[in-house]
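A.B. asks: As they're listed, the protein sequences go chains C and H. If you're matching positions, the first sequence starts at 1 in full-length UniProt numbering and goes up one per residue. If you're matching positions, the second sequence starts at 1 in full-length UniProt numbering and goes up one per residue.
Simulated from the structure, these hints should not be mistaken for lab results. Be aware that a few hints might be false.
Distance windows between CB atoms, simulated [what the hints assert, rightly or not]:
#, chain 1, residue 1, chain 2, residue 2, range
1, C, Gly150, H, Thr46, 49 to 57 Å
2, C, Arg215, H, Glu161, 25 to 33 Å
3, H, Arg282, C, Gly190, 42 to 50 Å
For each residue, glycine too, the CB sits at the ideal point set by N, CA and C.
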Amino acid sequence: MNVLVCIKRVPDTGARFELTADAQEIDTRNMEYAISPHEECAVEEAIRLVEKHGGSATVLTLGSEAASEQIREALAKGVERGVLLETDGKEWDAGATAQAIVEAIRATPFDVILFGNECADAGNYQVGVRVAQQLGLPCVTGIKALEINGGMAQAKCEVAGGWEVYEVPMPAVFTVKEGINTPRHPSLRGIMAAKKKEIGRVKPTQPNVQLLKKRLKKPPERSGKVEILGQGKEAASAIVAKLKELGVIQ
Amino acid sequence: MILAVMEHDRGKIVDASLELLTLLRSLAQPMNATVNAALMGKDAETIAPLLMEHGVTKVYLVQNERFVDYAPEAWAKGLVHLIGAVRPKAVAAAGTDRGNELMARVGANLGLAMAANCTELRPGERLGVTRLRWGGSLLEEAELIGEPKLFTVAPHVVAWEASPAREFSIKEFHPSLEEKDFRVRVVKRIESEKAGVSLPDAKVVVGGGRGVGSAEGFQRLEELARLLGGAVGGSRAATNNNWRPHSDQIGQTGVQIAPDLYIACGISGAIQHMVGCKGTKRILAINKDPEAPIFSRADYGVIGDLHEIVPALIDEIKKAKAR
Ligand SMILES: Cc1cc2nc3c(=O)[nH]c(=O)nc-3n(C[C@H](O)[C@H](O)[C@H](O)COP(=O)(O)OP(=O)(O)OC[C@H]3O[C@@H](n4cnc5c(N)ncnc54)[C@H](O)[C@@H]3O)c2cc1C
Ligand SMILES: Nc1ncnc2c1ncn2[C@@H]1O[C@H](COP(=O)(O)O)[C@@H](O)[C@H]1O
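Excised from the complex, chain C in its bound form (with noise of 0.2 Å):
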């Protein structure tokens, strides 16, 4: 089974973050950059299917080469291949960056093409759903389990109250939620081995975008005037007393 997962790199924000001049992105001076969570799930559900099935593992992404880093990342826990759609690190639009990914990969036939539901930082929600309608395959979006059986796969999304089944035919592609799985963290060796993987490199050109960015800003925040009710277990009793006062306990 062939199995190729998209990934993006963003960064780990943290606790505080403060945008750029320009307000265009996030100011990244001393930050780290991660997968987003929800991709990071899917090269775990990647790695599994081919655990289970046979077959190989591919890791792909649209951004600059710093975003080789993620894919390091992923063949070091065991994804086999890495491709980077290499940009100069602007951000393209959903519908550009799905385009550059079936061109990418029109030629190359996966049986199951992975996707986060939504990527951390644009939160377009739209990637993989674009992706498989250009490929006419079936898509699935949001799932939080997935089986294959023969030629089906059975995939369950979480819904208000219960689960919602979807059985699909194969090849498909999937976008995936966090708790999907737990994932893994990479061994010695294999982050040993990452380093001898090789990384195909594209240069893709850009799209028409039509969903402009302008600027970004901060939405407002909680005003924080934190009012100490002590400290260590002695503060017991002037939690108690706040609870009473809120009407938690009376």
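Given the coordinates of chain C, work out where chain H with the ligands should sit on it, guided by the hints.
C.D. replies: Below, chain H with the ligands without anything else, positioned relative to chain C:
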């Protein structure tokens, strides 16, 4: 005309759909446009009268004998046919999982962009939108090209308000669909039997993070939540370590909570965690690090080791309740 795609579960409307109508009315007014609605799925027709109360002048019942449970390709195709027939200036759904998926499919189908999770709309040749990024930790101002404009509206951003329409009609629409359009569909629904208060509905939430240290450590948090009639949640550190199931994760890639009180224990206050507690009335943070960022986002703070504070608090609450 602006077309609103309504979301409902077997005739029970989703609140976010009413919020969508409220926002679309304010977009339609300066454009001199009306708001129409598209309804699909089992028992859809039962909500038509409610839509009139919310300013919808015409409802399109998009019908097919196989429109019972959700079948994304068929539903999207039905919408695309309707769009072709009635030519709206804009088409929008609520920014739920389903709404985002449907609109993404419509966009893919028509070769048009789709702006997900908008919070503000500015009419014009290019539609100006403000939309959520990072699950709401950041906003983006953008312009959308093409026609019709396709977008979804972020839930819980505007409160819905009724505003009855002066005229109202219902029209059936039968898109031509084939067997293959139904290859992706819900084949089964499983009800989950979950005991206790659910996290999104809880009035009190006790949250635990890396500071809790272990799955066993959460037992005291469970006890505290029980005493307060609340539910337990956690940070990604807690779920990634398998101390809690992922369904308990609060934040950008987990659930959104909106309790009266959130007691956050051993949680540093990362942006992606805090964005899940935006609807929370009061936050009480228990953390041993006085510099922890959560203290600048909390209303009340206690500095110290949660492994001492939580048991002492449980004892103190029991005493208070015994009195
Ligand atoms: C795209 C993206 C999406 C994400 N989505 C989510 C999400 O949905 N939800 C989420 O929670 N995170 C999410 N994260 C992760 C987030 O950035 C943080 O890494 C995470 O929230 C940290 O969890 P934490 O506060 O428990 O751990 P830490 O940041 O390690 O903080 C632990 C805190 O516990 C305190 N502490 C330690 N021991 C004790 C003790 N004995 N008593 C009292 N205090 C103690 C420490 O002082 C510290 O402040 C996401 C990250 C990214 C990049
Ligand atoms: N630049 C990119 N490179 C590779 N995959 C991407 C990229 N952007 C988005 N994706 C994939 O598409 C999913 C949905 O992204 P989006 O539609 O932008 O929210 C992500 O979770 C990724 O799996």
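A.B. asks: Okay, C:Gly150 versus H:Thr46 on CB: inside 49 to 57 Å?
C.D. replies: For H:Thr46 against C:Gly150, whose Cβ atoms are near 40 Å apart, the range 49 to 57 Å is violated.
A.B. asks: The hint says 42 to 50 Å between H:Arg282 and C:Gly190; measuring C-beta to C-beta, is that right?
C.D. replies: Given a distance of about 45 Å, which is inside 42 to 50 Å, the answer is holds.
A.B. asks: Just to be sure I understand the hint, the distance between the Cβ atoms of C:Arg215 and H:Glu161 should be within 25 to 33 Å; is that true here?
C.D. replies: Once the Cβ atoms are compared, 30 Å apart, the range 25 to 33 Å for H:Glu161 and C:Arg215 holds.
Going down the numbered hints, you'll see the structure goes against just number 1.
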